[in-house]
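2 protein chains.
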Amino acid sequence: MRFTSEQRLDDGVLERAFTLGEIPGILWTPGSASASAPVPLILLGHPGGLHKMYPRLVARARHSAAEGFATATIELPGSGDRPRSAAAEQARADLHRALEAGEPVDDEIVDRLVLPLVEKAVPEWQAALDALLALPGIGGPVGYSGGVIAIGVRLAVVEPRIVAAGLFAGSFVPRALFEEARQVTIPLYVLLQWDDEGNDRQAALDLFDAFGSKEKTLNANMGGHTGVPQSAGDAAARFFTRHLS
Amino acid sequence: MRFTSEQRLDDGVLERAFTLGEIPGILWTPGSASASAPVPLILLGHPGGLHKMYPRLVARARHSAAEGFATATIELPGSGDRPRSAAAEQARADLHRALEAGEPVDDEIVDRLVLPLVEKAVPEWQAALDALLALPGIGGPVGYSGGVIAIGVRLAVVEPRIVAAGLFAGSFVPRALFEEARQVTIPLYVLLQWDDEGNDRQAALDLFDAFGSKEKTLNANMGGHTGVPQSAGDAAARFFTRHLS
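Chains W and C, in that order, are what the protein sequence lines are.
Numbering follows UniProt numbering, with no gaps: position 125 of the first sequence is 125.
Numbering follows UniProt numbering, with no gaps: position 142 of the second sequence is 142.
Among the clues, some could well be false.
One copy or two, it doesn't matter: identical chains are merged, so the pair holds either way.
As the list claims (entries may be wrong) - In silico SDA-like links for lysine to any residue, alpha-carbon gap of 25 Å or less:
1. Lys52 - Asp106
2. Lys214 - Gly233
3. Lys214 - Gly198
4. Lys52 - Thr185
5. Lys120 - Glu67
6. Lys214 - Gly227
7. Lys214 - Gln202
8. Lys214 - Arg56
9. Lys52 - Glu103
10. Lys214 - Asp234
FYI, nobody ran anything at the bench for these hints, they're computed from the structure.
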């Protein structure tokens, strides 16, 4: 892990860009972090494209910093400045064609799009976690927050350092993930946009039902895919405060 | 409305029992209320039986009082010390028989049980509201919180003084209520116990979908019918703070 730039935001949060091998990422730490005990860490998931997602990511990072948490994110395989995969681009084109034609999206397309992404991304998030937890000032426990929900589910199953996950049910879910969901036992907070035009609500509800966790919350709201209300974001933040503090 | 007793709770909350005609009820006001401006009011819904429900009701009342809200509740028709209705008792017996036999509950039984209750209870809650809002120290806006969800839905449609409702999706819903739900436009916060053994989860989800409100939140949790987690109760309380303060 190599830091490539750093800046102090106006609320004192330290933002550091880094690369992990060829993967770009960003780490945010609370202004008070260096002087005090190691802080918990939240991994910020997103749909890919750090530049495009930056405004929303930094808002979540500032909010978490105010609660005393460090946050970090990395670029997804095939997104942003990272090399494209021809197979993933083809799957994405097939998905958009189906959506534009108003056809149901074939499970086979979702599998081609999401499963290779999960296979590649999850070890990268784990490698990032190794590097981040080796830094002074970053301790645990660790949470995962956001989408892609399939990445969050796999991480919740395979990565014991993650003790709580706040998932955004806003992306397509391969059928194989439902079996993995049964193996998840950590506390979960799932945000669902009830009127998300590009999402399969029933699949999201089925996935929530499948999770094996004894403590799981579904918080569903109106406002479309990107219209998560402030109160729901605040509620998800309080979930992490309960489980990571 | 006639006050029959009063006591000051240890946190300063004033608890007053009253009767409205033959209907018993309880009013809780914050310790600071008499000295200051009129406070908002939350009507506390419940499944019937004020004595049995008292511990949970007073806990909700204290929580609301800490936020600066008065709360009030009245006994339901046919519950507690109020006269039984033979037809309602028969419907209740039929319902329990179906549940114990593991049979699906007939819509006809739910209609016989719930519709007359709604018809009778809703004007009583409105009469209570008239009397409560005439008291010094009780102002508006007014919220409705809790079950029976069918009573909350009807009140949300017919009672313009109620500006926000936090509903508990824990009871049977007559099919006719789904049409009424489409007419609800006030902000809603719906608590659902995902693993509620005595409830029809799909009906609760369908009802949530039917509500016409642009602002509606579904907060679903584990823990069975009576196991609403503290965090969900707190979230519902914050909903009222946002809409009544």
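Discussion item. When Cα atoms must be at most 25 Å apart, do lysine 214 and glycine 233 count as within-copy, between-copy, both, or neither?
Written reply: Intra 22 Å, inter 18 Å, cutoff 25 Å: intra and inter.
Discussion item. Within a copy, between copies, both or neither: which one fits lysine 52 and aspartate 106 at a CA-CA cutoff of 25 Å?
Written reply: neither (28 Å within a copy, 52 Å between copies)
Discussion item. Checking an output row: lysine 214 and aspartate 234, CA cutoff 25 Å. Within, between, both or neither?
Written reply: Cα proximity of lysine 214 and aspartate 234: in one copy and across copies (22 Å, 19 Å).
Practice prompt. First find the shortest C-alpha distance between lysine 52 and threonine 185 inside one copy, then the shortest across copies, and answer within, between, both or neither for a cut-off of 25 Å.
Written response: Cα proximity of lysine 52 and threonine 185: none, with 33 Å in one copy and 35 Å across.
Worksheet item: Using 25 Å as the alpha-carbon threshold, which applies to lysine 214 and glutamine 202: within, between, both, or neither?
Response: both (21 Å within a copy, 20 Å between copies)
Worksheet item: Taking 25 Å as the upper bound on the Cα-Cα distance, should lysine 214 and arginine 56 be classified as within, between, both, or neither?
Response: For lysine 214 and arginine 56, only the inter-copy Cα distance (24 Å) is at most 25 Å; the intra-copy one is 30 Å.
Worksheet entry | Alpha-carbon proximity between lysine 120 and glutamate 67, which holds within one copy, between copies, both or neither at 25 Å | neither (31 Å within a copy, 48 Å between copies)
Item to complete: Indicate which option fits the pair lysine 52, glutamate 103 if close means a Cα-Cα distance not exceeding 25 Å: within, between, both or neither.
Response: neither (28 Å within a copy, 53 Å between copies)
Item to complete: Indicate which option fits the pair lysine 214, glycine 198 if close means a Cα-Cα distance not exceeding 25 Å: within, between, both or neither.
Response: between (29 Å within a copy, 19 Å between copies)
Worksheet item: Is the C-alpha distance from lysine 214 to glycine 227 at most 25 Å within one copy, between copies, in both cases, or in neither?
Response: Between copies only: 12 Å across chains, 28 Å inside a chain, cut-off 25 Å.
Checked against the numbered hints above, the structure violates hints 1, 4, 5 and 9; every other hint is satisfied.
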